[in-house]
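Whenever a hint applies, use it, and build me the whole structure from the sequences.
In terms of full-length UniProt numbering, the sequence shown is numbered consecutively and its last residue is 360.
Some clues are possibly wrong.
[Stated by the list, open to error] Calculated cross-link-like contacts (lysine to aspartate or glutamate; reagent style EDC-like; alpha-carbon spacing at most 20 Å): (1) K153 <-> E245; (2) K256 <-> E245; (3) K61 <-> E81; (4) K211 <-> D52; (5) K64 <-> D52; (6) K183 <-> E81; (7) K152 <-> D217; (8) K65 <-> D52; (9) K195 <-> D210; (10) K65 <-> E39; (11) K66 <-> E39; (12) K211 <-> E245; (13) K159 <-> E107; (14) K152 <-> E81; (15) K195 <-> D20; (16) K305 <-> D18; (17) K256 <-> E284; (18) K154 <-> E81.
[What the hints assert, rightly or not] FRET-style restraints, in silico, Cβ to Cβ: (19) S85 <-> T12: 42 to 52 Å; (20) N243 <-> N274: 14 to 24 Å; (21) T12 <-> T319: 52 to 62 Å; (22) N229 <-> S30: 28 to 38 Å; (23) S85 <-> N230: 46 to 56 Å; (24) N176 <-> N259: 47 to 57 Å.
No lab work stands behind these hints, which were simulated from the structure alone.
These figures come from a predicted structure and were not determined experimentally.
Every residue, glycine too, gets a C-beta built ideally from N, C-alpha and C.
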Amino acid sequence: MDKTINLNVLNTQVNLLDLDFKNIQLFLASIGAKIFTAEQIIQWIYSHNCYDFNKMSNISKKIKKKLHQTSCIKTSNFSEEQISSDGTIKWVTSLNNQKIETVYIPEKKRSTLCISSQIGCSLKCDFCATGKQGFNRNLKVSEIISQILQAKKKLKNTKITNIVFMGMGEPLLNLNNVITALKIILNINGFGLSKRRITLSTAGIAPAIDKLNKIIDINLAISLHAPNNNIRNLIMPINKIYNIESILSAVSRYLKNSNANRNGVTIEYVMLKNINDSIKNAQELAYILKKIPSKINLIPWNSFKNSNFISSTNSNINTFANILRKKGFNTTIRKNRGQDINAACGQLTGNIINYRKNHL
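What follows is the structure in structure tokens.
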């Protein structure tokens, strides 16, 4: 029995934003298009921000007709915008009464777009507002990619130099869609970013790190946040499944094959008063990382409603950082950006009811 799906009969269309370059080629071949047509269409989408087949002047009328019948280019659009006093911009995308957030962080020498990979998050990290709201679903490739397309449209002539998967959700729990999105971001006819300008932040899904290792090479950031399993178990439930040892082992394997991480993996460490910020904790962290080429990013905790945590004092953070530096670790203290619009690390929820709204 022929199991070929007739798109016309099912009245469904393929969203080309859900496909990487290879799969666009395969799709176009299935409707009789030449192989070079894929490159032309990708350039129209990602270089010219054109989502209308009729405006693609070098595509034949015959292929345009088939494209209209079988496919579409459908973006998820920003619905609201907030601008911080420090220049950080937060955009909200509404997806069937659920919301995700995308954050743009301008700096002197670079501009970073922080994108989401899930609606909510299932990891339930105690210090993170996204984790507290629970999990709704994975984002489609098109919904991930749309965040970049819409940001480029809003920013006009301002170039996005870096993309970080540090928004809502755990990227490695949406691995297949995130990998497809990464292929589009890396492709020279897509967004064309260098692998060293893309960072994926993960709480440490060890098997998924190994799978990623076999497919794609990008900057890796590990949300470690504790120097031992006892503390990490308390603040990050995922540690009871993938503990520190299993995560760092997976990171070591990833680094052996990675050119993107030639300066070491980034270790993210949120500073929580009287939880993980003691001198002993700094020494423990240095010990467990002694065989892992790494750079450590200390993050002052950003508050959110109904949380009992307190950020470490500036004095404690500086002391912690200096201990690590004396141990030979490249250690930075993250600047808080976008706090006044709840756009800082760990504050993203998609819930803007109590915020000042700027509708687009």
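Distance restraint between K211 and D52, which requires alpha-carbon spacing of 20 Å or less: Violated: K211 and D52 sit about 36 Å apart, past 20 Å.
Given the proposed pairing of K153 with E245, does the C-alpha separation stay at or below 20 Å? violated, 43 Å
20 Å limit on alpha-carbon distance, applied to hinted pair K159 and E107: holds, 12 Å
Could you grab the alpha-carbon distance between K66 and E39 and see if it respects the 20 Å cut-off? Holds. K66 to E39 sits at ~17 Å (cutoff 20 Å).
Are the Cα positions of K183 and E81 separated by 20 Å at most? violated, 28 Å
Is the gap between the beta carbons of N243 and N274 within 14 to 24 Å? holds, 23 Å
K65 and D52 were given as a pair; does the straight-line alpha-carbon distance stay at or below 20 Å? Answer holds: K65 to D52 is near 12 Å, not above 20 Å.
Can you let me know if the beta-carbon spacing of T12 and T319 is within 52 to 62 Å? holds, 59 Å
Go ahead and decide if the range 47 to 57 Å is satisfied by the Cβ distance of N176 to N259. violated, 23 Å
Would the hint linking K195 and D20 be met if the CA-CA limit is 20 Å? holds, 16 Å
Verify the proposed pairing of K154 with E81, using a straight-line Cα cut of 20 Å. holds, 10 Å
Holds or violated: are the alpha carbons of K256 and E284 at most 20 Å from each other? violated, 24 Å
Going down the numbered hints, you'll see the structure goes against 1, 3, 4, 6, 7, 16, 17, 22, 23, 24, while the others check out.
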